[in-house]
Amino acid sequence: MDLKVKIRDKFLQNPVGTASGTYGYGEEYGELIDINKLGAIFTKAVTVLPREGNPLPRLTETPYGMINSIGLANGGVDGFLSKKVPFLNSVKNCAMIINVAGSTEDEYSNVIKMIDHVDSVWGYEINISCPNVKTGGLAFGTDPIQVERLTSTLRKLTNKPVIMKLTPNVTDITTVAVACEAGGADAISCINTVMGMKIDIHKKQPSIYQKTGGLSGPAIKPVGVAAVYRVTKKVSIPVIGLGGIMNADDAIEYLLAGASAIQVGTANFIDPNTPITVLEGIKDYMINNGLTKISDFHNFIL
Amino acid sequence: MDLKVKIRDKFLQNPVGTASGTYGYGEEYGELIDINKLGAIFTKAVTVLPREGNPLPRLTETPYGMINSIGLANGGVDGFLSKKVPFLNSVKNCAMIINVAGSTEDEYSNVIKMIDHVDSVWGYEINISCPNVKTGGLAFGTDPIQVERLTSTLRKLTNKPVIMKLTPNVTDITTVAVACEAGGADAISCINTVMGMKIDIHKKQPSIYQKTGGLSGPAIKPVGVAAVYRVTKKVSIPVIGLGGIMNADDAIEYLLAGASAIQVGTANFIDPNTPITVLEGIKDYMINNGLTKISDFHNFIL
Amino acid sequence: MNQQQCKVLKNMEIARDYYELEFTWDNKSEPKPGQFLTINPNGVPLLRRPFAFSSYQSGKAAIIYKKIGMATKGFSVLREGDTIDVLGPLGNPFTLPEKRPLLIAGGIGLGPMIFTANYLAENSYSPILVVGARDKSLIPELNLNSAIKVNYCTDDGSLGFKGNVAEFLGSQRDFSVSDCEIMACGPHIMLKACHEIAIKNNIECQVSLEEMMACAVGACYGCVVETTLDEKYKRVCKDGPVFNSRVIKWT
Amino acid sequence: MNQQQCKVLKNMEIARDYYELEFTWDNKSEPKPGQFLTINPNGVPLLRRPFAFSSYQSGKAAIIYKKIGMATKGFSVLREGDTIDVLGPLGNPFTLPEKRPLLIAGGIGLGPMIFTANYLAENSYSPILVVGARDKSLIPELNLNSAIKVNYCTDDGSLGFKGNVAEFLGSQRDFSVSDCEIMACGPHIMLKACHEIAIKNNIECQVSLEEMMACAVGACYGCVVETTLDEKYKRVCKDGPVFNSRVIKWT
Ligand SMILES: Cc1cc2nc3c(=O)[nH]c(=O)nc-3n(C[C@H](O)[C@H](O)[C@H](O)COP(=O)(O)OP(=O)(O)OC[C@H]3O[C@@H](n4cnc5c(N)ncnc54)[C@H](O)[C@@H]3O)c2cc1C
Ligand SMILES: Cc1cc2nc3c(=O)[nH]c(=O)nc-3n(C[C@H](O)[C@H](O)[C@H](O)COP(=O)(O)OP(=O)(O)OC[C@H]3O[C@@H](n4cnc5c(N)ncnc54)[C@H](O)[C@@H]3O)c2cc1C
Ligand SMILES: Cc1cc2nc3c(=O)[nH]c(=O)nc-3n(C[C@H](O)[C@H](O)[C@H](O)COP(=O)(O)O)c2cc1C
Ligand SMILES: Cc1cc2nc3c(=O)[nH]c(=O)nc-3n(C[C@H](O)[C@H](O)[C@H](O)COP(=O)(O)O)c2cc1C
Ligand code: FES
Ligand code: FES
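Chains as they are written, first to last, in the working numbering: chain A, 1 to 302; chain B, 1 to 302; chain C, 1 to 251; chain D, 1 to 251.
Simulated from the structure, these hints should not be mistaken for lab results.
A hint or two may mislead.
In the DSS-like style, the derived pairs of lysine-lysine whose C-alpha atoms are separated by at most 30 Å in a straight line are [stated by the list, open to error]: (1) B/K293 with B/K233; (2) C/K234 with B/K211; (3) B/K211 with A/K234; (4) D/K67 with C/K7; (5) B/K203 with C/K238; (6) B/K204 with C/K234.
Bound-form chain A, shown alone:
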């Protein structure tokens, strides 16, 4: 059985990763599971300058989901280089993919320029879809023209894989995906959180400070599966599926929908062992169904 997933000229050892913002860099979870078994860790977002994040409350729970507005709290590139790289260097096998965020093209570019020399950085996931950071009203990732330009700018800065992460909060996600491919992206992550809101009817106020935030968890799985299915029909680069994956069956849904790899996000909070059980479950399913490689999942749904 071949579990490898090719992105650009590199391979993930298997299709199971952890989603940005839900796993730190893996340090905390490293006490609980062997992260070297994972295909990839998509790290917390890195921005050029440190960000303290949004005022609290930042979290709330919803039916089979949660809303967050962390606001990209992170130590900036300097914090990354001084505090995180030593840990990155200690990780074997598992690809460390840095989630990059910014509010201007330059900010994205600068992050890559400043950290590209670090060997333990496997590649980049470009967060163009954070609903908590806005420029001129709308999130960056909703305009195909801007997205294509950003992609091709970043593409030229590095030889490492560049993965564009899409927001579902658009009229037609496939147009943005096509723009990513046109700009030279090596892969697409799909999806980021869905815009949502909850109100505390006792306090008569929004449950999080920012009022609206990003909905994640099982509630959004159907949105993610639909997005992956539709995007994979339109682009030929690999698509990494995520959104509400709680167990192997959910991950298999994404693979059958067309994904070449998947990420576990919110589920890490509920059971830190999820990435491992997902990986084992994918293997079992492949054995039971006579699949020998990940692309075999793509033969069923046209």
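Based on these hints, arrange chains B, C and D with the ligands on the given structure of chain A.
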């Protein structure tokens, strides 16, 4: 306590309605609850010609939600006039609001022209957001320019309230809402279903025939609340909130978010008594919190 | 049809993964053989679950259900005195036959066919009941009126005829299929076989269908089945679940 | 910190809506007073729920929880032998005090303060424990080391001092607050009052905070609290839950 809700020059007796497509015309549920207690029944969609609907399967269940692709199965205007109007005439107090669908402007117009003489038709809810019927790729309701034109065309055809029902599957729902208001809409219903997909991993095929369909139920409540909150900040016509309302607390969330009325959809399937318990719960909350009219809900969240 | 909070009277595993659930019934409406009800799984999962009545007596009713997924797993731990939220009776019952009733039950179709068989026997018919299953462990002991002639078919021959119900009906028997009228509930493939036997023998055949349901009262048009009629799709919950097999487009 | 499947040893209502849940503990790591754990509510609702340890002995540990919402309702029906999915110990414990420990417990802060009081008593301190509640029915019988001096405060005077803990500390007492060091867990408003008393008396004050949590291991930055430090926000789960009260920006 004044529960009335004004739309155009008419009043709903209270803010609780049932959502289009989930309640028929109320005949079936009339055996179970006294529909004359409801504020409104938003009927199944009516199209000019009869539609047999989509091939099966049409339904599937998801985490705290469901996906449907009924495909607007209905008897057309003729079927409506001959088979449904007698029932409509028998309903007192509860406003019968006809959900109108079509794939061209003319189709929408013709439905209204052909049924506007029926006195028991209280008003119209214009479904510009059905994800299961498409013209030229995208759903009608995603383009503000088209939406404004359609709204003003329909506005001229009738003196009854015209309510535009929005899809959440757009980059910025407020632009579509503003277009509705500019076109002369009397109110906005917000939201229709969210695009979603489920795959049966045993059969290795999508769970519904149309592959993608409309996600409804508690899973989408945060999406609906966010939409209502954002839309009510941009328009001054009343907004009718829906999406995942399962109980009075959920309905109150929508009212606090800015809605002037609400609709119960998927919850009818789970407990046909939901509209009644929601209405009672709203009254209790108003008493306990010293609210005397529906607009009092709008004083808390700015 | 009404919605009621019923008290569980009994909930017992009667064969491997098959449970009989008996509960109070308020008699406002009397369930007929072939009709069904829905139970609210209280959030886990979301949608109500449909089951056919397997018996009814004044003040109480029952279903036979198979433990298969989340909802039925939840039901399997119900205990006497627990409350269930029930909506029913729903749908149309079997039509009384003109000829000798030949009842075919496969898998989870057992409950409604037991009800039908007992009902017909009490109403002076001499029903033949054919029960099919993979093996003996899946067939409970049946509480049947003595006027019912029962035949078992198992794939492995562990009880009764070795083979499926279609093979049984095609074999030597002490009754003639062409003197009967078929009434069947079970897996799609079994119902299709029943329909074909009915066509071959030029007899009537009523089948009770299953489809995923949302409202179960006819409002949502989610549970349709394709027909050979002008009206292309009919609702299983409201127009069925019992249909004349000739009306169904078999695939 | 590790994740373990613990067997429930005991789950008992010890005061109105307050339960003590005792379960097996594998001893891979030893919980300290002030540390907490999370329990997986198995889908209803989604996120794990945090609770502070109320006791630990080799092989077993306990929490005291209040039945308040969906998860705790679910926990309240756990029975001996049931399994719970536990992650812990999490966060930082209380720091051993330099002066006489004055422990303040309000509402659901009772569990960790009992643990702390017993621990300190076993380690030769003479802790004072002040327990506040609305009324007597909310205060369980406490299993406390005899070296602990306990005081009760109830809003209605049904047990001990009539008034809240701040009023109690402001009243005539047989100990002097300024000779003590405060360690507190309870409602925000109580913790703020403790902080203010500490400032006034120029003594140390450690508070154990609560915030909505997602990961509870420091990865998501969801549970932050605003501080007076350069680092504006600190994580309650990883940097706390116990903080020096002077570090917190009180609002
Ligand atoms: C009118 C009507 C009458 C009915 N009467 C009865 C009755 O009398 N008795 C009865 O037992 N049932 C009856 N059913 C069926 C019953 O409604 C379903 O069995 C029930 O809804 C299952 O609910 P669940 O949540 O337990 O299972 P779900 O979680 O909904 O799962 C059941 C479905 O998932 C599929 N599935 C699950 N796991 C697997 C797997 N590992 N491999 C392949 N497929 C899988 C099953 O094939 C099935 O389709 C009836 C249905 C209808 C429509
Ligand atoms: C580090 C830490 C340690 C903790 N230790 C303990 C402990 O030892 N013991 C303990 O009992 N708890 C403790 N808690 C709190 C505990 O985690 C929560 O009580 C628990 O998560 C509640 O879960 P639930 O699903 O039962 O309630 P939820 O459904 O999550 O509801 C609880 C929340 O909703 C609010 N709420 C619900 N209904 C109403 C209403 N009618 N009016 C107003 N507000 C309402 C409550 O105020 C509360 O904020 C701790 C929390 C943290 C962060
Ligand atoms: C607490 C939290 C923080 C997140 N932070 C980021 C982030 O920094 N960058 C990013 O691209 N996505 C971020 N996400 C989105 C997730 O990576 C993921 O796309 C989303 O949660 C959907 O997956 P899930 O349902 O499995 O969680 C965050 C999600 C959560 C829940
Ligand atoms: C089975 C089904 C059929 C629907 N049909 C229609 C329809 O014909 N017209 C329409 O405007 N909305 C239709 N809807 C959408 C609902 O009216 C509602 O907008 C949506 O389900 C969200 O609300 P809910 O989560 O409370 O169900 C349908 C929804 C369902 C579940
Ligand atoms: S399930 Fe709604 S019409 Fe049958
Ligand atoms: S809950 Fe995730 S950092 Fe504290």
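Hint check results:
1. Of the supplied pair hints, the one linking B/K293 and B/K233 holds, its CA atoms being roughly 20 Å apart against a limit of 30 Å.
2. A threshold of 30 Å between alpha carbons decides the hint, and for C/K234 with B/K211 the separation of about 21 Å falls inside it, so the pair holds.
3. Distance hint between B/K211 and A/K234 is fulfilled; the C-alpha atoms sit about 16 Å from each other, no more than 30 Å.
4. Straight-line distance between C-alpha atoms of D/K67 and C/K7 comes to about 26 Å, which keeps the hinted pair within the 30 Å bound.
5. The hinted pair formed by B/K203 and C/K238 meets the criterion: a straight-line CA distance of about 28 Å does not exceed 30 Å.
6. A distance of roughly 27 Å separates the Cα atoms of B/K204 and C/K234; the hinted pair therefore holds under the 30 Å criterion.
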